[in-house]
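Student: Listed below are the residues making up each chain.
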Amino acid sequence: MTEYKEKTPTINNLSAADQSMVKSGLSRGVSRRAVMGWLMAGGATVAAAGSIVSSASKAVAATPQKGGTIKFASDVHGPSDTLDPGLNTSTIDYSRGRAHYNGLVQFNDDTSVRPELAEEFSANGDNTEWTFKLRKGVRFHDGSGLTADDVMYSMGRHYGDKSTSTAKTLVADVAEWVKVDEFTVKAVMSGPNGDLPKILATSQFKIIKDGTTDFQNPMGTGPFKLADYQPGVRSLHTRNEDYWRDGPNADTLEIFAITDKVARTSALLSGDIDLMQALDPKAIPQIESAPGVGIWSVASGAYIGIAIMGNTEPGNNPDFVLAMKYIQRREKIVRSILKGQGTVGNDNPINVAYGEDFCSDLPIRAHDLDKAKFHLKKSGITEATIQVAEVAPGTTDVVLLMQREAQKIGLKLNINKVPNDGYWGAVWMKTPMNVTTWNMRPTANVMMNLAFAPDAPWNDSLWSNERMGQLLVESRAVTDPALRHEMYCEMQTLISNESGMIIPAHRNYLDAKSDSIEGIGRMPLGSLGGYEWPEFAYRTDL
Amino acid sequence: MTDATANTEETTIYDELPDAPPKKKLTLTWVGKLGVTVVVFWLVMVFVGPYIAPFHEADIIAYDSYMPILSTTEGEGFHLLGTDYIERDLFSRILWGARTTIGIAFTATLLAYLVGVSLGIAAAVAGGWVDVSLSRVNDAIISLPSIMLGLLAVNAFGSSIPTLIMTAGAIYAASVFRIARALGQDIMVMDFVEAARVRGESMRWIIFREVLPNAAMPLATDFGLRLVFVVLFISSLSFLGLGIQPPMADWGSMVRQNLDGLGYGSYAAVWPALAIATFTISINLIVDDISASSGGSLAKKMI
Amino acid sequence: MQRMVFQRIIIGIVTLWVVSILVFVGTSILPGDVAEIVLGQTATPESLAAYRAERGLDQPMYMQYASWLGGMFTGDLGTSKAGGASIASLIGGRFGNTMLLAGVVALISVPMSIVLGLLAAMYPGTWIDRILTFGTLSLISVPEFFIATFMVLIFAVNLNWLPAIAHMSPEDSFWQTIGGMAMPLITLIIVVAAQMIRMTRAGILNVMNSPYIEMAILKGVRRKRIILRHAFYNAIGPIVNVVALNLAYLVSGVVIVETIFAYPGLAKLMIDGVQTRDLPLVQACAMIFCGTYVILIIMADVAAILSNPRLRNPK
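Protein chains in written order, with our numbering: chain B, 1 to 542; chain H, 1 to 303; chain U, 1 to 315.
Careful: at least some of the hints might be erroneous.
Cβ-to-Cβ under 8 Å is the rule here; a few derived chain H residues that face chain B [what the hints assert, rightly or not]:
(1) Y51
(2) P54
(3) I161
(4) P162
(5) T163
(6) P246
(7) Y267
Facing chain B, from chain H, some residues (calculated, C-beta under 8 Å) [stated by the list, open to error]:
(8) D59
(9) V154
(10) G241
(11) Q245
(12) Y264
In short, the hints are calculated from the structure, not lab data.
Since we're looking at a predicted model, the values are computed, not measured.
We put the beta carbon where it would ideally sit given N, CA and C, even for glycine.
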């Protein structure tokens with residue numbers, strides 16, 4: 001896993017006297033700017049002074065401090081903002097959800113899970129039944145106690161004809177939720193699935209109060225209460241004094257979005273916000289050269305993909321697809337477009353971020369114009385059109401690079417840039433060649449099952465491989481690590497060689513924060529440590 | 001009073017009635033000449049730019065993004081204005097962009113004028129229900145923000161160049177209509193138009209000999225501004241992630257795409273902004289000189 | 001006169017109705033619907049159907065329009081099809097913000113532009129005129145996002161004098177609000193003043209060209225008197241038109257400034273509405289924008305008629 005490393009100069013580079021001066025200054029509450037002034041008067045550059053002060057602040061603030069306001073700016077918001085966990089699709093929704101609600105279980109940084117509202121959870125021998133024992137004494141923001149009914153209601157919203165949940169397919173293999181007693185619920189599976197807790201740790205499965213239908217002011221059990229909620233403007237969250245565990249660190253969270261990426265970066269640099277989601281990779285040097293702020297980059301399995309649909313021209317021609325795979329300049333995409341904040345893709349949705357399930361034995365497909373030319377000639381195709389929307393940062397640039405390479409092998413690749421809104425409904429999976437993106441999923445199996453199973457509703461290249469489907473189901477029940485790895489490798493080889501999905505790169509979640517905010521995790525399933533920050537982030541400059 | 005005197009008097013009245021203002025000879029000041037030079041330069045670039053540019057507009061060849069001016073990529077070439085956000089030669093893209101930007105702006109503005117002026121003058125001259133119905137439809141279009149109409153058009157019909165031209169043309173025709181109609185109405189009640197009517201001139205004669213020449217100058221001033229607005233309209237679509245299809249170079253989109261470079265000292269957004277500025281300012285300087293050499297000359301007498 | 005204003009108001013209501021039809025048709029032909037956009041990539045046919053049923057999107061389009069129109073007559077703007085919030089609550093605060101921004105910009109830019117335009121027209125070809133011309137042209141010929149971003153980099157990032165965003169939190173003090181609004185104000189003044197200055201100048205110079213002004217000059221009327229009493233008076237028609245259009249733009253068209261400064265206003269709300277295909281929301285914004293525009297042009301026309309006696313009694 002590549003992780004962003006701290007800039008070199010730290011407090012330890014200073015002489016002992018200087019160290020104590022900086023540290024005591026900071027602990028006395030001297031402003032960062034003033035301390036930097038001292039250092040710069042001593043000849044340090046802005047960047048060096050900034051990183052020295054950062055490291056010093058960290059040393060001073062060893063334990064989380066309570067209090068203060070944290071302002072977070074996401075990249076998208078609007079009237080479609082929602083506090084309904086089942087409809088959450090954007091970072092701002094996930095972040096608000098994390099502040100307002102709890103799940104049954106929650107993620108650790110390594111994507112394993114730990115108990116949250118369920119103080120205990122366990123499976124029967126073959127993973128066909130999962131039992132969750134609820135914590136007692138947990139209260140919703142209106143004072144009512146959490147019981148199994150609330151969990152039954154929350155889970156029930158993901159089933160049936162009237163469910164609008166965006167995550168219902170993830171829990172479709174739970175045949176039935178059973179209320180065992182006032183504080184115990186059981187999920188009866190239709191087949192073995194050891195990953196259910198990880199699925200339940202995702203944002204859509206947060207626990208809401210039984211009977212909630214109005215999501216303008218819903219009741220949750222989370223670390224913050226809702227003080228102000230204006231969709232598309234902002235939300236204000238104040239500390240929940242009755243929180244069931246050692247409460248949140250900040251007193252107040254202000255969550256909103258600055259949709260213009262340049263303005264968002266400026267707002268962080270000027271100190272108007274403390275945390276920002278979705279830093280443009282191009283702005284990395286700007287952040288790095290500025291005092292008091294830093295990037296927060298977490299390697300992940302999220303990917304940018306080019307889907308060539310297998311059911312029609314030109315994607316039904318395997319030689320064309322291979323030619324498109326050979327023209328990808330994977331290293332250049334990571335270096336130039338992602339500015340190093342990503343990993344090379346191998347037309348395989350699984351990368352090193354998925355840990356042991358990643359098939360590292362599979363050699364990376366090299367940029368090879370001769371092979372590409374050969375396959376293109378064999379396919380007889382000379383012109384194609386790709387639909388592009390900026391579905392993830394850098395998507396358009398990846399396609400622009402591809403277009404130039406295509407020209408070198410004699411293919412006229414037309415780009416049709418379309419608006420982002422409506423893309424998923426009207427263009428994706430409906431046109432022969434288009435772009436796609438997926439966030440990282442909790443497990444390799446969940447990811448491949450979503451987008452590469454023969455019957456998956458979101459199999460974006462319409463690649464149907466029976467063997468793949470078989471392996472996906474069988475591997476869930478395998479416990480022998482060697483056999484499991486072999487099966488996962490076979491699946492990834494199949495996808496990489498045969499599917500119509502081109503995955504040139506995996507992107508890091510690249511965000512940025514003020515140096516005076518600590519406690520941000522590194523969970524790789526979403527921005528800013530998988531949206532886990534609201535409860536744990538704290539200010540070091542109080 | 002005899003018939004004879006009455007006749008004489010009538011002739012005298014005709015003589016004293018004001019006629020349309022006489023045409024004046026167009027002379028350009030040095031500022032106007034400078035404007036002409038710059039505009040001619042860019043117009044030449046519209047045709048030859050792509051042939052003299054060192055690189056193709058879509059070439060991603062440079063060693064790095066946001067290279068400073070006068071830098072070199074080993075084995076590829078020299079970047080006079082540096083490189084853009086995705087390692088393309090900025091100078092080449094500005095030369096290529098002249099064709100797209102100026103082409104679209106001129107075509108769309110001309111379209112807007114063709115439609116807007118003819119309908120606006122028609123409404124002013126005809127009056128009555130023609131005026132009322134044209135004005136209402138026009139009001140409906142103009143009361144909606146142009147960027148929203150652009151968003152609707154691009155979403156519905158895609159962002160091909162003809163779509164963009166038609167969209168910008170239609171949106172600005174509405175503004176031109178209002179101005180043309182207001183000018184037309186003012187001119188229609190002026191003495192010389194009344195005189196022409198009394199003389200029994202045809203409506204066609206009045207429109208082409210009296211109304212249009214008198215509305216020409218403010219309309220010309222507006223034409224210059226409208227051209228700027230079309231360029232800015234296309235670039236504001238790029239702000240929403242729409243606009244000209246990549247990798248085609250367009251000055252407005254180039255400013256937008258390279259804007260983040262400003263934050264750490266790259267001028268990649270400044271050069272296309274300068275290109276827009278030189279072109280649009282020059283057009284307007286020429287327009288100013290034309291108006292000064294007609295109306296301004298009189299005003300000058302008074303200083 | 002009163003009769004004319006009354007007629008105009010009736011006509012304005014007709015215009016509002018025409019706009020609602022345009023918006024309805026325009027939004028209907030867009031690809032995708034609000035359900036597909038809200039549920040996004042991970043929508044399934046079943047969840048889409050459920051969402052449409054829940055929000056009444058499964059009714060035919062004309063029925064949705066009819067129910068919206070019915071609501072309008074009873075003063076009910078409906079609820080957002082995207083987030084479920086009431087449209088009135090979405091518009092509430094933003095309406096005030098938009099009017100505040102537009103009002104302050106208008107108060108500063110309109111008198112300033114008319115004075116500067118008059119100045120340029122009084123002394124055409126002189127250095128005052130040249131500086132004004134060159135200055136206004138330079139400022140309007142760069143995209144407003146360039147001006148706004150450039151100012152943010154200087155005044156917020158480098159100098160740290162002003163906040164980079166103006167998102168109008170109720171907790172902000174008066175001075176914080178003023179500071180936050182400074183850059184959006186300046187950006188917008190630059191954008192609208194330039195056009196008004198140029199059109200004022202052109203309008204007056206055009207009148208200076210008329211024979212009766214020439215007559216006045218020959219009669220020896222003083223220069224200032226000619227421009228201020230005769231030329232300006234006669235140029236008011238076109239000038240108020242341009243002013244009205246620019247004021248309407250300040251209410252409805254400032255989406256870029258609202259986006260860059262995270263200023264919660266109506267222009268961005270309408271764009272968001274279009275992007276999520278949220279018909280009732282788009283309609284509500286369109287009604288506000290069109291209503292503002294109608295009022296402004298009625299005022300412009302009244303001003304034009306009052307200033308030109310010959311328009312008062314057309315033959």
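Student: Each hint needs a verdict: does it hold in this structure or not?
Tutor: Structure-based check of each hint:
1. Among the interface hints, the one on H/Y51 is violated; its C-beta lies about 19 Å from the nearest C-beta in chain B, farther than the 8 Å criterion.
2. About 16 Å separates the beta-carbon of H/P54 from the nearest beta-carbon of chain B, more than 8 Å, and the hint is not met.
3. At a threshold of 8 Å, the smallest CB-CB gap from H/I161 to chain B is about 13 Å, leaving the interface hint violated.
4. Below 8 Å, beta-carbon pairs count as interface contacts, and H/P162 has none with chain B, the closest being about 14 Å; its hint is therefore violated.
5. Annotation: interface hint on H/T163 violated; nearest CB of chain B at approximately 12 Å, more than 8 Å.
6. Annotation: interface hint on H/P246 holds; nearest CB of chain B at approximately 6 Å, less than 8 Å.
7. Taken as an interface hint, H/Y267 does not check out: its beta carbon lies about 15 Å from the nearest beta carbon of chain B, beyond 8 Å.
8. Because the smallest distance between the Cβ of H/D59 and any Cβ of chain B comes to about 7 Å, under 8 Å, the interface hint for this residue holds.
9. At its closest, the beta carbon of H/V154 sits 6 Å from a beta carbon of chain B; the interface hint therefore holds under the 8 Å criterion.
10. Interface hint status for H/G241: upheld, as the beta-carbon distance to the closest one in chain B is roughly 6 Å, under 8 Å.
11. Because the closest C-beta pair between H/Q245 and chain B is about 5 Å apart, less than 8 Å, the hint holds.
12. Taking 8 Å as the C-beta contact cut-off toward chain B, the hint placing H/Y264 at the interface holds, the least distance being around 4 Å.
In this structure, the hints that do not hold are numbers 1, 2, 3, 4, 5, 7, in rising order.
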